[in-house]
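Number of protein chains: 2
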Amino acid sequence: MKYFYIRQYLPIALLFAAFSSTAQSGVTNSKPIPGFTDKTSVAQLQAEADFDKNISAENIGNTIRTLAAKPHPIGSAAGKAVAEKIAASFKQYGFEVKTEVFQVLFPTPKVRELELTAPTTYKAVLKEPALKEDGTSGQDGQLPTYNAWGADGDVMGELVYVNYGLPADYEQLERMGIDVKGRIVIAKYGRSWRGIKPKLAQEHGAIGCIIYSDPRDDGYFQGDVYPKGAFKNEWGVQRGSVMDMVIYPGDPLTPNIGATDTAKRLDRFKAPNLLKIPVLPVSYHDAKPLLEALQGPVAPEDWRGALPITYHVGPGRARVHLRVESDWKLRPCYNVIATLPGSLYPNEWVIRGNHHDAWVNGAADPISGLASLMEEAKAIGELVKTGWRPRRTLVYCAWDGEEPGLLGSTEWVEQHAEELQNKAVAYINTDGNGRGFLEAGGSHALEPLIEDISKVITDPQTNVSLFDRRRANDLVNASGINAKKEILAKRTLSLSALGSGSDYSAFLQHLGIPSLNLSFGGEDAGGEYHSIYDSYDYFVRFKDPGFQYGVALSKTAGRAALRLANAEILPFNFRNLFNAVNGYVSELMTLTDQMREATLVENQVIRSRAYKLAADPTLVYNAPKVKEEVPYLDFSPLQNALRDFEKISKQAGDSLTRLVNNSTDHGPLNKLLYQAEQQLLVSKGLPGRPWYKHTLYAPGFYTGYGVKTLPGIREAIEQRKWEQAQQQINVAADAIQQLSDQLYLAAKLAG
Amino acid sequence: MKYFYIRQYLPIALLFAAFSSTAQSGVTNSKPIPGFTDKTSVAQLQAEADFDKNISAENIGNTIRTLAAKPHPIGSAAGKAVAEKIAASFKQYGFEVKTEVFQVLFPTPKVRELELTAPTTYKAVLKEPALKEDGTSGQDGQLPTYNAWGADGDVMGELVYVNYGLPADYEQLERMGIDVKGRIVIAKYGRSWRGIKPKLAQEHGAIGCIIYSDPRDDGYFQGDVYPKGAFKNEWGVQRGSVMDMVIYPGDPLTPNIGATDTAKRLDRFKAPNLLKIPVLPVSYHDAKPLLEALQGPVAPEDWRGALPITYHVGPGRARVHLRVESDWKLRPCYNVIATLPGSLYPNEWVIRGNHHDAWVNGAADPISGLASLMEEAKAIGELVKTGWRPRRTLVYCAWDGEEPGLLGSTEWVEQHAEELQNKAVAYINTDGNGRGFLEAGGSHALEPLIEDISKVITDPQTNVSLFDRRRANDLVNASGINAKKEILAKRTLSLSALGSGSDYSAFLQHLGIPSLNLSFGGEDAGGEYHSIYDSYDYFVRFKDPGFQYGVALSKTAGRAALRLANAEILPFNFRNLFNAVNGYVSELMTLTDQMREATLVENQVIRSRAYKLAADPTLVYNAPKVKEEVPYLDFSPLQNALRDFEKISKQAGDSLTRLVNNSTDHGPLNKLLYQAEQQLLVSKGLPGRPWYKHTLYAPGFYTGYGVKTLPGIREAIEQRKWEQAQQQINVAADAIQQLSDQLYLAAKLAG
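Note that the protein sequences, when read in sequence, are chains A and B. Residues in the first sequence are numbered from 154 upward in steps of one, following my numbering. Residues in the second sequence are numbered from 154 upward in steps of one, following my numbering.
It cannot be assumed that every hint is accurate.
No copy is singled out in the list; a pair is fine if it fits within one copy or between any two copies.
[Unchecked claim] In silico EDC-like pairs for lysine to aspartate or glutamate, Cα to Cα no more than 16 Å straight-line:
#1 K638 to E750
#2 K381 to E445
#3 K803 to D307
#4 K429 to D627
#5 K643 to D627
#6 K765 to E676
#7 K238 to D414
#8 K482 to D414
No wet-lab data here; the hints were simulated from the structure.
Isolated chain A (complex conformation) (with noise of 0.2 Å):
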């Protein structure tokens, strides 16, 4: 209760002699661990402080360095070599091993063509160099620079800059008269999931669609570039999947089902989040050329990189030939499924994961992340060899085909969905770590559960917990004082809400699974991300060095996991989850009040004829139309709800509380816990996307791997669609009344 009590009740001078402290796990201590009893809390931490020891950074950087050893992508051999040694470490380890394999569409390159073709020629090299200072980079088996998913096509036509390729960019080219219809578009990787661009481009009616590195975003400009320093060299390029996973990630050809051999495939070019249009990724050495090219309008400031040239948008002069095919083949996807069955509850599932596929070697992205979760498991194999057994299930898995669109997760959530839905208690991801600061998001019951786990876990580098360093740089990055107020006066930890971009996203947004996704990060930022310099060498100058996050991420991902396989109550607080709502709520409300007075204002403006007035007469200029007004919303389904819904968490809470030190058994209390998120789910999914499920947390229908929670209300809102929003708000009352009826049978087993 100490923290309680300071958060409470001392002047906020006193609170800083906790930032002197390290973290607090003697004191912790003294106090028993939510959801455990004070002997199986004793138990408990002295198991964690036994699984501490275990972790070994050495042994990190060694499964670092083999399972990078080689591009390893989803089909190729040395993927199936990757997902066989982690089988046979799981086993060696003392868990129960199960390698379930999918057959998932997965398109190559066969032909990569770029070129410009007036007003001057330049052939684009679309290679990245080998570096003697990169002892993988000149490996054979790597994936050349591309796109999977891009449509195959052979097209030819001017070409537009469209910024980061967004819809307030497009916005922004019909002001300039720009239409990019029938043209080639060549976007700036940034600000949205990459995906994004080329989906926006063909709704534009383009013809193609090339992304680059802009060296402001990636590259020169944030700091000496490979293998000087970490920052992406002129040559570097930024692999990436273009599905369109905001439709649905997994195989493209088996929606909702598990690809097995057997399943029922959709034709390829019905497919609804495939592209009809070819993407290529360039460097920014084969970018320039082209943008240089262009003429037309001067770009908009904000829309200007760090080339030194003048950025123009087009059209004009410059035209390019893009010309990309793929071996659209089946290949088998390798999930590691590793199980080690729980000795009170061996039905109810805490599920660990992270992918194995890597673009090329992967040594950041996934190895890190997939190395902390290895020693994990070891630690917990030693754990056992002592005797030790997780009162339920651990499953500890590791993810084929992750890479192109989550597809080795996605398949088995699908194929497992019922069983998931019964059994998994939450599921934890860590994909890719590096030096810097614990960044954890996630299903908001589970805030007070990585809250205390940070507060007793120390950062490598400050000798302070993780809380309390990462506090600091929330305090110190603030933006005002308002914003740093806040902080200050505050000791809990918030997390993030959950978008998309890692396998966390079937179990979350598709079955209502409560997910984590923690990682370290903020001191290890490079431009290696999808390309061949992702490498071990790379990894261990500029990520991890002496692999102590590894050991600090082993420690918070395997703490989670432990406590929540041998809580007696399971640690979800739900009065964390309605705050988190309500906040959503309360924004929400702003922003339409905000956007209708601004819409009123604005149309103001344009009925003024200021835009044309103040506009450059010696340039085209198209002023913005005034909108529709923004109607007023009924929120009111959507607070009574949440009244309830207060009320029925607090009352819940307090149940479980006091029952805890109570030695009945608490299996049917714990399965209404765990599956209390699910009631958030709305069997119709998302508006235009049934595949997402969940009225909460959803990534962005134009952001990509950004979330939007209360998706359905606030795209709706965004996009102005009234009447929608008004239904969607009835749909996530109905959603959390669901929520409230479930933690009040959950109060009433806890009597």
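Position chain B against the provided structure of chain A, taking the given hints into account.
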């Protein structure tokens, strides 16, 4: 009364009808001009219409071509010839002309050397090439690229990059543990007047200062470079003065007195506004090898420019050798003073001026502003031929030596201080002109005068009034809904407050003579400023192709001069001044409160050790130190003085409006009015810079050209000198009280 009526009573939506109208001259005809009787108003409008007819775009173009035909800095034969040409023209227009010569110090470069000596060598070019597209760019007589008033010096040392070289940049350097003592700094042009950069470098112990134009701010990042486009090419260099003008402008050897042949002069090495270290401006071509050679930490993100390099701060291996030597000579400074005596009040002077000296050819700076001024004189001369005479004396001036430090105007003002404080009604300046929007700064009692004028002159490109076009631009560029709402709700024009950077400075800030500075711009951006490319060829392509904004400037400034010359009762409105001062006082109170809270919170953050904990332990980092808390200041003397001022300004305004058709001699009343602003002077001047006597307007001590309003108070607060802030509050309160007393006399006289 039309505008007022609309402003007060019509619903917002109807306001926008106004935007569809052209300038309202027809409407305004029907009501008298403020300060005129019904009858004289008609005559005045007729004179203005005749005046307009005499303004010729072609002639303005000819003047620009003629006067910018050769490089003509102060002290050059060509400069003398330009003065003679101007004098001859004024004579031809019917003015009495006198050329007043002062002897002022003006250093010209003898030696300029800059080389990188380690780790590689590079010798700076320091020369702008002639271009075939620019007819005057290869002429003899160009002053080489240099910063006048930098000390002679021959220094060698490690290089440090200091961003813009401003106080916050040195704080940031301290965070990084980097000291410039004994080193040579390289700073970017921009964000402050250039002289601030070497001044701060010197304050921090640097032994030399290089200033360069980064292409981010002034080069290819902004647009196509010259001669293809308007922006600075890699060789272009901004010349300019680095005299510490915020101490005092004018001849550094003769502060407060005219630099006549016999004036008592300071020893140059004792002049408090001259530097002790050498300074040199360079192109981005010359800066690149230097910046590229720097080691040390990567520059903070907002320090980085648009060169294709990683910006490092240094110090380290990069060493430079800088050698500068000037010819420190007294030179004749030719001020051309053309007078048209007033028919009724010859001892009341309406002064109109701009400089004629240029760093090189100066087609835009200053000739475009001067050409409009001369066109006005010509047009007024034509009026005189028809029998028209101004009631007050018009004094048209062309100053020499503005570029090195407002030499000509300042010496003239100092020489004639007493007479000017007795006779000068107002000073109207127009330093350079281009295409775009009306930019108007000055004494706030003249706001309604400029507002009225801006509503009757038509913008050359859009066919609406200058006022409406400027308002449209303000509206479109206002950041945030509230700012837009404010502009939508308002039909008045705001003058910006004047800092320094042109010849109004001595009139306004040394003598308290009401001043205006007028120009057009915003659609004429480019990189020609103070370079050999500020030429006629450049001007007609990029600044004001058809000279139509030259015409608009003549009409605007000419009308202001004519209305001030002929009004029955001078059109000063002190309620506008009250509103401005009242706004500034509110700002200062808010600023103090915000600083108090920010200091409190920031000190908590510092005491929490968050800065240290959040910092990357692999880099040097010095956490900021706690600051003294901000006391509560007693603003009540100022508030009380403002309360009185509000009352009396309203009362005086009402009396004057009633009085205008009364046929008494308004001479004594007008004198009280035009001397009113002098009541805001304080004889001791501002803290540390007694030459600046205006309590309301001054250039910022650490910004240069940029204005600080209520500077004594504001800078004391910014510099956390709390006792001085309190004392300056009292000083300003007394000054405002004095102004109220003067208005009380005026109101009394008005009856």
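Against the structure, the hints:
no.	hint	verdict
1	K638 to E750	between (28 Å within a copy, 10 Å between copies)
2	K381 to E445	between (27 Å within a copy, 14 Å between copies)
3	K803 to D307	neither (61 Å within a copy, 75 Å between copies)
4	K429 to D627	neither (43 Å within a copy, 44 Å between copies)
5	K643 to D627	within (12 Å within a copy, 41 Å between copies)
6	K765 to E676	between (46 Å within a copy, 14 Å between copies)
7	K238 to D414	neither (24 Å within a copy, 94 Å between copies)
8	K482 to D414	within (13 Å within a copy, 93 Å between copies)
Hint compliance for this structure: hints 3, 4 and 7 are broken, all remaining hints hold.
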